[in-house]
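Using the sequences plus the hints, can you model the full thing?
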Amino acid sequence: MTTFYFAIVGTNDSPLYEAEFGAQREENKYLQQFVVHAALDLVDDAQFMTNTCYLKSVDRYNDWTVSAYVTPSNARLMLLHETKSEDAIKSFFAACHELYMKTLLNPFYQPNAAIQSQTFDAKMHTLAKKYLL
Amino acid sequence: MASSQQQKQQIQNMLRLDTKQSKRSTMLLEQPVTRQRRDKVSLSAFAFLFAEMIRYTQNRVLGIQDLETKLNELGQRVGVRVFELTMWREKIVRRETRVLQMLVYINSVVWRALFDKPADSLERSTDNEDEYMITDNEPAILKYISVPKEMASFSPGAFISGIVEAIAACCQCPARVTSHVVPVDGLPVRTVILLKFDKDVMEREKRLEAGK
Chain A
1 MTTFYFAIVG TNDSPLYEAE FGAQREENKY LQQFVVHAAL DLVDDAQFMT NTCYLKSVDR
61 YNDWTVSAYV TPSNARLMLL HETKSEDAIK SFFAACHELY MKTLLNPFYQ PNAAIQSQTF
121 DAKMHTLAKK YLL
Chain B
134 MASSQQQKQQ IQNMLRLDTK QSKRSTMLLE QPVTRQRRDK VSLSAFAFLF AEMIRYTQNR
194 VLGIQDLETK LNELGQRVGV RVFELTMWRE KIVRRETRVL QMLVYINSVV WRALFDKPAD
254 SLERSTDNED EYMITDNEPA ILKYISVPKE MASFSPGAFI SGIVEAIAAC CQCPARVTSH
314 VVPVDGLPVR TVILLKFDKD VMEREKRLEA GK
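Which chain is which? The protein sequence lines are A and B, in order.
Read the first sequence against the numbering used here and you will find it ends at 133, with the numbers running on by one and no gaps.
Read the second sequence against the numbering used here and you will find it ends at 345, with the numbers running on by one and no gaps.
Keep in mind the hints are simulated off the structure, nothing from the lab.
Take these hints with a grain of salt, some might be off.
To be verified - Here are some, though not all, of the chain A residues that point toward chain B, as calculated from beta-carbon distances under 10 angstroms:
(1) A94
(2) T103
(3) S117
As the list claims (entries may be wrong) - The list that follows gives simulated cross-link-like pairs (lysine-lysine, BS3-like), each with its CA atoms no further than 27 angstroms apart:
(4) A:K29 <-> A:K130
(5) A:K84 <-> A:K130
(6) B:K203 <-> B:K141
(7) B:K224 <-> A:K130
(8) A:K129 <-> A:K29
(9) A:K129 <-> A:K90
(10) B:K224 <-> A:K123
(11) B:K203 <-> B:K224
(12) A:K56 <-> B:K332
(13) B:K339 <-> B:K203
(14) B:K203 <-> B:K282
(15) B:K224 <-> A:K90
Where is the CB? At the ideal position from N, CA and C, for every residue including glycine.
Below is the structure:
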């Protein structure tokens with residue numbers, strides 16, 4: 001079963017955007033949020049070790065793996081998934097980063113505000129269909 | 134009564150604009166971000182805007198320190214965006230985590246993106262380890278701002294120091310950034326941006342240095 005939970009976490013550790021792709025079971029949503037939140041600590045440790053944006057898989061929990069991508073302005077893109085090819089996830093993160101950056105360039109968007117645009121949401125789902133599902 | 138209802142309805146409609154998939158919001162996310170050929174803005178247009186920014190803030194503050202703080206905040210809004218954009222346009226997207234690498238990046242890439250020339254020098258203060266200085270001999274945006282004698286300690290470079298402060302915060306190296314005018318023979322508008330890093334940044338630097 002392919003389920004993905006994606007979250008963009010801002011610099012103050014609160015989520016700016018969350019989305020689920022693929023089939024989902026209702027009771028898992030809170031657990032997924034919790035696992036991703038716990039993985040943030042591991043991202044903090046790992047991000048000083050390397051210069052790259054894509055930190056591969058930072059945490060595992062039962063079957064789930066959490067992969068992270070840190071943007072230069074310290075927003076974290078977290079993806080919770082069951083095993084999937086790293087290349088696909090890497091390209092997905094790169095495309096998400098571009099989308100996030102375009103949102104950031106909007107002068108009316110405060111950094112660390114929640115992203116509520118429906119266009120953003122629609123584009124995320126298209127990206128997920130293209131790279132993940 | 135009816136017209137105020139109408140007005141309320143109008144305002145509510147306007148506030149809903151971006152959450153619908155209006156044409157404007159789809160275009161925003163499809164703008165190209167690679168470097169365009171004609172991405173320079175005329176200096177006179179910017180000077181006009183900058184002069185108005187200073188006048189606007191001057192009307193709302195009581196004192197030089199406040200004025201510099203407000204300009205600093207305005208610069209921070211620019212800094213976050215310019216940093217992400219220039220990072221994206223590099224060939225390989227990397228992050229900067231070390232202080233010195235970040236300063237070199239600001240000196241060269243960010244300055245070139247904003248002012249079309251690299252900054253003139255980057256120095257480390259000999260008295261305090263955590264102070265660094267970026268010098269610009271003739272900042273183009275300050276060319277048309279004249280500071281009256283009674284405000285001689287005000288440096289309109291506070292805008293630039295805001296940009297640098299935002300970049301430092303993005304790289305996880307928060308610093309207090311101020312700008313000072315240090316004239317030298319022949320360069321009356323020479324501006325020095327002084328960065329004073331926080332203590333935990335310096336401690337982390339020491340740890341990372343030792344760890345290598």
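Quick rundown of the hints versus the structure:
1. A94: holds, 8 angstroms
2. T103: holds, 7 angstroms
3. S117: It holds, given that the least Cβ distance between S117 of chain A and chain B is near 6 angstroms, below 10 angstroms.
4. A:K29 <-> A:K130: Answer holds: K29 of chain A to K130 of chain A is near 23 angstroms, not above 27 angstroms.
5. A:K84 <-> A:K130: Roughly 14 angstroms separates the two Cα atoms, so the pair holds.
6. B:K203 <-> B:K141: violated, 33 angstroms
7. B:K224 <-> A:K130: holds, 24 angstroms
8. A:K129 <-> A:K29: holds, 20 angstroms
9. A:K129 <-> A:K90: holds, 15 angstroms
10. B:K224 <-> A:K123: holds, 24 angstroms
11. B:K203 <-> B:K224: Violated. K203 of chain B to K224 of chain B sits at ~35 angstroms, over the 27 angstroms cutoff.
12. A:K56 <-> B:K332: violated, 31 angstroms
13. B:K339 <-> B:K203: violated, 33 angstroms
14. B:K203 <-> B:K282: Given pair K203 of chain B, K282 of chain B holds - Cα atoms ~21 angstroms apart, limit 27 angstroms.
15. B:K224 <-> A:K90: Roughly 16 angstroms between the alpha carbons, so the hint for K224 of chain B and K90 of chain A holds.
The structure is inconsistent with the numbered hints 6, 11, 12 and 13, although it conforms to all the rest.
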